[in-house]
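Residue numbers (the working numbering), protein chains in the order written: chain V, 1 to 366; chain D, 1 to 318.
Please keep in mind that the hints were generated in silico from the structure rather than gathered at the bench. Remember, it's a predicted structure, so these values are computed and weren't measured experimentally. Some hints here could point you the wrong way.
Claimed, not checked - Computed far set for chain V versus chain D, every beta-carbon distance over 10 Å:
| id | residue |
| --- | --- |
| 1 | G20 |
| 2 | R41 |
| 3 | R230 |
| 4 | D256 |
| 5 | Q271 |
| 6 | N312 |
Claimed, not checked - Cβ-to-Cβ under 10 Å is the rule here; a few derived chain D residues that face chain V:
| id | residue |
| --- | --- |
| 7 | M1 |
| 8 | T12 |
| 9 | L250 |
Beta carbons: idealized from backbone N, C-alpha and C, even for Gly.
Each chain, written out:
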Amino acid sequence: MADLGAVIDNSSVIVCCGSGGVGKTTTAAVLGLEAARLGRRAVVVTIDPARRLADALGLVDGLAAEPQRIELDSRAGDAPNGELWAMMLDTAATFDGLVTRHASDPDQIERILTNPLYRNMAGAMSGTQEYMAAETLHTLHGDERFDLVIVDTPPSRNALDFLEAPGVLARFLDHRAFKLLMLPTKGGLRVLGVAAQPILKAIGRVVGSDVLADAVAFFQAFAGMESGFRDRADEVVALIRAPETSFVIVASPRHDTITEAVWFAEQLVDQQVDISAAIINRTQPAFGEGTAVDARGAAEAATGELAALWHNVADLRTLREAEHDVISPLGDAVGHDRVALLPLLDSDVHDLDGLYTIADHLFGRS
Amino acid sequence: MIVAGKGGVGKTTVTAVIARAASRDGRRVLVVELDGKPTLDELLRNDVDSDSDSEVESEGESDGDGADPPGGTLEVVHISAADALDEYLRDHGFQRIAKRLNKTGVIDMVGTAAPGIDDVVVLGKIRQYEQSGDYDVIVVDGPAAGHAITFLTSATGLANAVRSGPVRTQSDGVIELLTDVERCQVVLVTLPETTPVNEVIETAFALEDDVGIQLGPIVVNAVDDGAALPDVAAQDAALRGMTGVDGDVLRAAASFRRARRAMESNEIGRLANEMPLAQLHLPARLVAGLTSADIDLMADVLAESVTASVTASEADRG
């Protein structure tokens, strides 16, 4: 079983990644709860607007875009300084904040924030959510109130999105095509490159001239901000890759999510990013010591109710054994001693008790 | 028919099951995979390679198509946004500069300047297959994670942003397809658990309100349909006098399964209350890794429950 207590002790940032629907948000909250128990001042940033997590944390008005302190009771342990905070990522507001910080004057801010292309980008561009999650992580890391930031990443097919996303705007602004678009404003009379005319025409014909006009206005508005964004992105990436940042992969014991988790793990390893732990949620609990075959044998030797009860044990063990085979490639990828299994519970998590129950399982207290 | 649902609920499995059931029913089926892993090929291999021997008995009238001959076909095609966009540009008179556009990264920019254009182009490609008349049913394995709504609303968003040009024409065609009840249905997939049920309800309302899409039946995947367990009294009677740990193991396993089943039927009931849509239930398989044979089995279950629900709704009407 992975030593998650050590992961919490040794990190100032924990990134939870994995595909959608595997319980990343809940896992992030449980890690935060345990961190508070261990005396850390932890803040959990979630992407998922799931009402259930807010309820479980006792936040009646839901999660806000600002960190909120969670009321913990005595079960949280007696570490005097332990605190748990939680917030939800607000992609558009974070992006607006970033623009405001880098712009040179209120007029530039206004021109950017009202540009339709910017609004599309802040809301919908692929990678924006990852970028803003990384940006928020960086801001919280510098916030005196916290000494551990736990971030739940957007469900993504690609683990590297999170590592690469901070550079996305800088790259966008560096783009050759955009430089071409910007040329007419720079020198006034400057002649466009040979390629520029047909390209501009082509874009206009495909997407419509109004979109093209928005794009030109967008790049004009951003003029001069490229290097600011680039430097900031470099800082964010440096933090994500720092030794104090731990990556935890979250998965469920299904063939497809394990395949994706293995793929995530391989990508991170390729990038020399160490994976501290892999948490598999919702695994079948063990019932007794024997195998499914043993239970099936006992069922066949029995009759009536007793046979039905043994068949039930055999069914549940069959599932568990099959899951072990499904999970094992992830152990091969991250190291079997780094895999932690969380059992499927007989009810859903809907309050702090539920989170404590999971924490007890994950940290070996049950 | 577009299969949608949050990650981890078994969209791909359900896509395969629907495709298998339709082809065994004698239809010419095209399965569309989007930017995904090639799992469908594997799951459907038997069907793709061999003739289906149509074991499904269509009791009564299945739908308006009348008696289909056995031996439907099943093809799998993979559509990626980048290729579809590239192809689209070439087809619209940009072949001369498409290569250069690609090289300078303008394609990326087009995607950002007009967000959703890649989704619309993919949907446009699907529409092209639909218009070809080569297939009776096209089953689309919807995009991963929470992107289903973005994907399906992309055309509406784009049509609002772009007022003219080929992109506009494309969006209009896609909207027409998506909102035409006769041509397009969205099948939402969920699990019999609290969070997936909440999410499917939210998605369903968003799709009906924002896109005007017709929702097909909701598929509840991985429902525990195993043999009945004795009740607690019968269990206690059966275990009386049993010594050692076995009694505890049997008791714990039974109460765990009872609790899971109670939760499942609760959630299924709640879904039925909040979403007045037909539900199709697919059984949980004991083996976590699915094989082509499992898909076959579930296709049987699906065919049976479709027949049952069609019969029920006919009874309602008549």
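Taking the hints in turn, this is what the structure says about them:
Taking the minimum C-beta to C-beta distance to chain D, about 3 Å, the non-interface status of G20 of chain V is violated against the 10 Å cut. Its beta-carbon lying about 29 Å from the closest one in chain D, R41 of chain V satisfies the requirement of being farther than 10 Å from that chain. For R230 of chain V, the shortest C-beta to C-beta distance to chain D comes to about 17 Å, beyond the 10 Å cut-off, and the non-interface label holds. Interface exclusion of D256 of chain V from chain D breaks down, the closest Cβ pair being 7 Å apart, not more than 10 Å.
With a least beta-carbon separation of about 21 Å from chain D, Q271 of chain V lies farther than 10 Å from that chain, consistent with its non-interface assignment. Separation of N312 of chain V from chain D is inadequate, the least Cβ-Cβ distance of about 5 Å not exceeding the 10 Å criterion. Below 10 Å, beta-carbon pairs count as interface contacts, and M1 of chain D has none with chain V, the closest being about 21 Å; its hint is therefore violated. This hint holds: T12 of chain D has a C-beta 7 Å from the nearest C-beta of chain V, less than the 10 Å allowed.
The restraint placing L250 of chain D at the interface with chain V holds, with a minimum CB-CB distance near 4 Å, inside the 10 Å limit.
Hint check: violations occur at hints 1, 4, 6 and 7; the rest are consistent with the structure.
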